[in-house]
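J.: The primary structure of each chain is shown beneath.
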Amino acid sequence: MKSETLAALQEARTKRRAVVLATRLSDAAETLVYPDRAEGELASDAALVSAARRAMGIGRSETVDIGDQKIFLNVYVPPARLIIVGAVHIAQSLAPMASLLDFDVTVIDPRRAFATDDRFPGVKVMQEWADEAFEKIGLDASTAVVTLTHDPKLDDPALEAALKSDVFYIGALGSKRTHAKRKERLAEAGITDEQFARIHGPVGLNIGAKSPAEIAVSILGQIIEVRARRLEALAAPKVAAA
Amino acid sequence: MSDALEVLDQVGKWKASGKGVAVATVITTWGSSPRPVGSQLAVDDTGAMVGSVSGGCIEGAVVKEALASIADGKPRLLDFGVTDEQAWDVGLACGGKVQVFVEKVK
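As given, the protein sequences belong to chains A and B, one line each in that order. Note that the numbering used here gives residue 166 to position 162 of the first sequence, counting from 1, and the numbers run on in steps of one. Note that the numbering used here gives residue 62 to position 59 of the second sequence, counting from 1, and the numbers run on in steps of one.
Honestly, I wouldn't trust all of these hints.
Within a straight-line C-alpha distance of at most 25 Å, the following computed DSS-like cross-link-like pairs (lysine-lysine) qualify [what the hints assert, rightly or not]:
id	chain 1	residue 1	chain 2	residue 2
1	B	K100	B	K67
2	A	K19	B	K67
3	B	K22	A	K74
4	B	K16	A	K74
5	A	K74	B	K77
6	A	K157	A	K140
7	B	K100	A	K19
8	B	K100	A	K6
9	A	K180	A	K168
10	A	K140	B	K100
11	A	K19	A	K168
12	A	K19	B	K18
13	B	K77	B	K107
14	B	K22	B	K100
15	A	K6	B	K109
16	B	K100	A	K74
17	A	K157	A	K128
18	B	K18	A	K6
19	A	K187	B	K109
20	A	K19	B	K77
Everything labelled a hint here was simulated from the structure, so no lab data went into it.
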């Protein structure tokens, strides 16, 4: 690996940009493939660039044969993000557990008493309204959003904004009854049943979780499952239309 | 911080301090193997390492090849598996097979 390649990989990480490092195994020749361009010794090899972009799409590193060359495609995608709305007790378990799972965690709560760095060591805390914070962060397909406040004033605008984005997971804390009422409120705000169905509520896998830490496990279990199923679906060979 | 980032950061630090560095990457796996494709282990010229390419089973052998790669500048493709006598010796106890690419950071 060249030092310049290392620097490019680190820069891509910092800027949350996806990149694939394609290495020819016979001589370690390197090519960096970005979504919009390719740089390096094999950048003009269309088959290589196309294989690299496919690997990027499914987020999976692999060794491929391109012509008579063996090429290793190492995929560097930005870490998934978890945005937690509500700096509440459950969030204090959810945030550190999600960090352990390599999520880039942000906790949002406009209430000063809740959103303090002391309560959330090592993660980003934004003392703002969720919809405003989302605009700054920019929601994308590698982001999960979980609302935990139980307060419609705080949760609803966050859910509305999340539903308008392509985040891969939306979860909302609350009982079935709470969730039904939430559906009515959001319908008044113009959210269709189909859109509402994207929200996982009551949030988390049904593992009988009771304590905040157990609920955090059930939420993260569900997020991991949703992400894995989505990647499996992306990786599955496409069936050609008849 | 993710493993991959941690390894790259350490490689950057070692290079900045003038050390010889090699990176080993899992490029293929068969059957059950403890670390997924793309997992990396970086080694400096004193044998210090960061990251992992197995559950600890083959790291010793990989470090040896990494030091050789730092010395001669050539990349290496290593195969480890239960059918391979040497791999059995170094103990890939999980029963899987892995292929590891080792290269010097230039």
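J.: Are the hints correct? Go through all of them and say.
T.: Right, here's what the structure says about each hint:
1. B/K100 / B/K67: holds, 19 Å
2. A/K19 / B/K67: Roughly 35 Å separates the two Cα atoms, so the pair is violated.
3. B/K22 / A/K74: Violated. B/K22 to A/K74 sits at ~29 Å, over the 25 Å cutoff.
4. B/K16 / A/K74: violated, 30 Å
5. A/K74 / B/K77: holds, 17 Å
6. A/K157 / A/K140: Status holds; Cα separation ~20 Å.
7. B/K100 / A/K19: violated, 35 Å
8. B/K100 / A/K6: The hint is violated at about 28 Å.
9. A/K180 / A/K168: With Cα atoms ~23 Å apart, A/K180 and A/K168 stay inside 25 Å; holds.
10. A/K140 / B/K100: Measuring from Cα to Cα gives roughly 45 Å; hence the hint is violated.
11. A/K19 / A/K168: holds, 24 Å
12. A/K19 / B/K18: holds, 22 Å
13. B/K77 / B/K107: At roughly 7 Å apart (the allowed maximum being 25 Å), B/K107 and B/K77 satisfy the hint.
14. B/K22 / B/K100: It is violated: about 31 Å lies between the C-alpha atoms, which goes past 25 Å.
15. A/K6 / B/K109: holds, 5 Å
16. B/K100 / A/K74: OK: B/K100 and A/K74 at ~18 Å, within 25 Å.
17. A/K157 / A/K128: Distance ~22 Å between A/K157 and A/K128 Cα, so the pair holds.
18. B/K18 / A/K6: At roughly 11 Å apart (the allowed maximum being 25 Å), A/K6 and B/K18 satisfy the hint.
19. A/K187 / B/K109: violated, 58 Å
20. A/K19 / B/K77: With Cα atoms ~32 Å apart, A/K19 and B/K77 exceed 25 Å; violated.
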